[in-house]
Structure formats: structure tokens, C-alpha cells
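Each chain, letter by letter, is given below.
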Amino acid sequence: MSAKRFGFILVLALLAAPTVARGQEPRLVGRIPDAARARIDSILAAARVRGLPIEPLVDRALEGSAKGAPPAAIIAAVTRLRDELVVVRAAFGETASTAELTAGTSALRAGASAEALARLRKQRPGQPLTVAAAVMADLVAAGVPADTAVGAVLALAHDADDADYLAFRRNVQRDIVLGASPAAALAVRIRFASEAADAPSNIPTTGQSPTPKRKP
Amino acid sequence: MTDREDPLGGIIEILREPAELKPGLTERVMAEIDRLPPAGVLTASGSVSWWRRPWTIRLTPLRGLGLAAGLAVLVLAVYFGGRRAGSHAAPEVPEAGPATTTGRATQFVLVAPEASAVSVVGDFNDWSMSATPLERAPGDGVWYVTVPLAPGRYRYAFVVNGAIWRSDPEAPAAEDEFGRANSVLTVGGS
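Residue numbers (my numbering), protein chains in the order written: chain L, 1 to 216; chain C, 1 to 190.
Isolated chain C (complex conformation):
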């Protein structure tokens, strides 16, 4: 069978012959390669590889401790700052008497011009005479304090000058088993 009779064999023979390159092609290709930037140099197209490349950070133990302490301070500052911002008491309820309060901030008021000190004691403060002192409004003998309270029913009384027990004239009376009158406060929740 001749080449003319077998065209595929002729094509194969042609392809097997070495290609003739133009003179200087190899030099031009190598020159282009030399002009490329070295690996790792930041370019517009190479920024992605810069972010993915691992870093090596060298720290002395002392600087490492300092950095850890700084991070801890930062975390604590964010944490406690957030707590402080979120722990504001409910707006105060500027009511004259506590018995109609439906919120959680409750104002206790007693008019006692002769008193030198007034405190409120009750189920909300372990009946402690030192826990919730009232503040005297300037000039008129009105004593007041605002206490945040959860919904519930609270028995309480005022103590004037550390010794004189007084019920709240603005509030309902409550049952008492110990010989000193109580008042009662109901804080609603719905």
C-alpha cells in the first residue's frame, strides 16, 4: 500500500517530522519569563494569594503575655460594658403612693417633717432598717426612695429615726402578727 493509498499514514509521517522553530524564539520566551514578578510579590491579581499565605509571628514570652493580657482586658471591657448598658433599672414611676404601681420601679414616699432619718423595711429587703434609707426632699419634709420590685405582694413599713414604726397612709393595711402595723404593696405584671 503506497502513501497515496493510505492518507492517515502520510499525516502521521508528517507530524513525526521535527518542527522548525523561528530563530530566537527560545530566547524571547525566556526573556518574558524573566520579566514576570517573583512569587509572593503583591499585585492586583496576587492579593488573594497574599491573604492565604501563612504568617510566622515571632514573640518573646514577655510580649506574648502582654498581648494575652491586653486581649483579656479588651474582652472584659466589652463584656462588662455591655452588661452595664443593659442593666438600667426601669424608668422610675413618679407616683405619690406605691399601692397603684404596675411597673417594677416603685416609689415609697412618707411626709415626716420632724424626722431626721427614715427607712423602709419589708419583704423586699429582709426587713433591714439599714438597707433602704429614704432621701429627704429639700425643704418640705417629704422623704422618698425608689426601689425596683418584681411583680408580687409585699408587706412593708416605715421606720422613723430608727425606732418609730409607721404604716404608709397611702397604702392598704396588711395583716400583722407582731404588734406593729404593716402596709401592703401589690406590683402587677400583666
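Extracted from the complex, chain L is given alone in its bound form:
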């Protein structure tokens, strides 16, 4: 490390120290109006106390700032995300990573229930949930009904790894672009995935819990 770079880092650290000491998030300084920043800092402090990750909350505040949103809208968005993180962490467990919790909030917002997320955790013990939860949200965003998307992800939970989930979602989206209805595209792809796993398709279309498959 050059002396110049070391000096630069030292100056940054000295400048940031008072902000950190006052419990303020340094990345929000200069990007969020002071009044709103104080409120967000208090939300972040409470989140830390509860053991919630603050990165997603800071990102949401910075997104609002970058988009020129009014302070009240930024505070509302951060508060809502904080509440969603609480729900997802209860479903995924205390050891869930920040990436899992963030993806889980997207699934929750897309229409997955807390119970469905808890089932996902139960059906993928010891495996990361980030991509599975993200695919839930992505399928809904692509037009697949929420309960059908949730059921599809749960049906794949035993056998699919991240690459399988991503390929599944990509194929469904491709079929939709080619003209298939979202529900039909998903039904075709989940049947194909089930046949590939040598197991009967049990994708629900009304949101009921699918029967877990066994690896061949």
C-alpha cells in the first residue's frame, strides 16, 4: 500500500469516525435529508439490536435517494422492508444469510406466504435459499400466478440446485416470450423437470403443498 493511499484511507477513517460514533450510517450522509436520515438511523439502530441485517435497509434508502423520492416515501420503504425482514427471518431461521433474507423479502412481496417460506426452509435443509426464493419472485414478476410459482419452487426444492432453478426460470420466461401463457409455460417446464428427476409431477395450481419428491 502506497503512503498516498494509506493517507487517504486514514483521512477517510478520521472523517467517518464521528459519524459512526454517533450511530449514523455514513453512506446516508449527504444523500438523505437530515430529518429523514435521523429517522432512518433510528430504524437501523433498532434493526441492529434485533439482529437484522442493515445492508438491505441502507440499499433501499439509497435507491430512494437516487430516484429522487421524497423523504417520507424513503422512510416508508425502509420501514416496510424492515418488517418484511422480520417475517422472513422467522421463516428461514436465525442463521439465514443477508442474501437469503433479501431474496425472501422479494418472494414475500411477490405473494409467497410466511408459511410457504418456512416450508422452503424445511425442504432444503442446509442448502442456500437465495436463488429458490428469488425465482419465486421472478416467476411472479413474469406473470405466473403467485401460488403456482410458489408451488413450483417448492416442488423442485428437494432436487434442484441453484443452476437448476435459474435454468427453470429462464425456460419459463422464454416460453412466455414465445407466446405461452405464464401458467402454461410453468406447467410444461415443471412437468419436464419432474420427468427429468424420474418423479411424477405434483405441481399444484391452487397453492396447496406439493408432495416432496425423492432423489432417484
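Note that these hints are calculated values from the structure, not bench results.
Owing to the predicted nature of the structure, the values given are computational and were not obtained by experimental measurement.
Watch out, some of these pointers could steer you wrong.
As the list claims (entries may be wrong) - Below, computed lysine to aspartate or glutamate pairings styled on EDC-like, alpha-carbon distance capped at 16 Å:
1) L:K67 to C:E177
2) L:K122 to L:D159
3) L:K122 to L:D83
4) L:K67 to C:E175
5) L:K67 to C:D126
6) L:K67 to C:D176
To be verified - Stretches of chain L that chain C covers, calculated by requiring three or more beta carbons in the stretch to come under 8 Å of a beta carbon on chain C:
7) 65–73
8) 125–131
9) 138–144
10) 155–165
11) 172–185
As the list claims (entries may be wrong) - Covered stretches of chain C, going by a simulated chain L footprint (3 or more residues, C-beta under 8 Å):
12) 122–130
13) 147–156
14) 169–179
Heads up, the beta-carbon is just placed ideally off N, CA and C, and yes, glycines get one too.
Given chain L's structure and the hints, the job is docking chain C onto it.
Quick look at chain C alone, frame taken from chain L:
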């Protein structure tokens, strides 16, 4: 009891008598000793003792400081050289869209022939318009940048000419609460 009756006593008497040395023996022994190399001289059989013998190094304070500085530079060079060699980013994934990425190097691409500047903002760069500018490919209006990302789900958007927000046409849409569309990128890890 006579000597003949006590053989052990006779042997003792014989051994107690001074031995007669050949003439000149003492001189020959001393001459051999003189021919031996002096202690510390390196020979084939004496190299081990050379390594074990303590050294005395005399340094002036100035030369000592110079030597210490040289050693420090050497250690730092080895340390940072090793770090640089081990910090190569993952090979770039030359995919047209980011939504199918399973690695950590993710390529963002936007076709915008009319743009003079494009950047990508998102959860991975604090939504900063200056953090991740895209580079324009020569001639065809294709803008691109590669960003190393950890597994996760990221919301992002392109900003054209510093003011126009665009979602990624190749990626799924993401929820938005602030009135400007987002795209979403999922980076897998297993």
C-alpha cells in the same frame, strides 16, 4: 606364600614395573600433533563445526537501519505480490444478459446507440451513478461493464446520460416503490 604360589601377585608386580618406550617415541608423537590443522580451519570433516560456530557481525547503526529497511521492503514485496496474484477476479462471463449468471463476474449490457454515457446503479454499488460506468463497444452502440458479484438477488437499473432511467430489457422486472422501474439479477452460488 611365594610368587609361584600366588600368580596374581606376580602379575601385579610385573605391571607395576615402568614400561620401556622405544627411543624417539615422544618426539614422533609431538611431531604428529604439530601436523594437525589448527582449530576452526575448514576441512571436509570440520565443516559441521564451522556451521555451529557463533558469528560476530559488526554493524554501524546506519548500516543496521539500512539492512532492516531492506528486509522490510522484501517482506512487503512478497506479501503484496502474493495478494495481487491471488486477487484475480473470476473469469468474465461473456453473456448477453445478467439474469442467467451463476458465477460471480456478471456482465451488464445495454444497447443505446443514442447515449453519450451509461451507468448501472443498484444494490451492489449503493445506487451510485458514478460508481459503475459502462464502456461503449466501438461502432455499434453497445454498452457493457463486468461487475464481480457475490451470490444474491440484486435490483438495478441503467441510467443513460445521467438522467434517463432504463430497466434491463433482458432481465426480469423487480418491485419498485419509487416510481422508476427496476430490473433484477439473481447470482447463484451452488
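- Message: Hints numbered earlier in the text: which of these fail when held up against the supplied structure?
- Response: Failing hints, ascending: 3 and 11.
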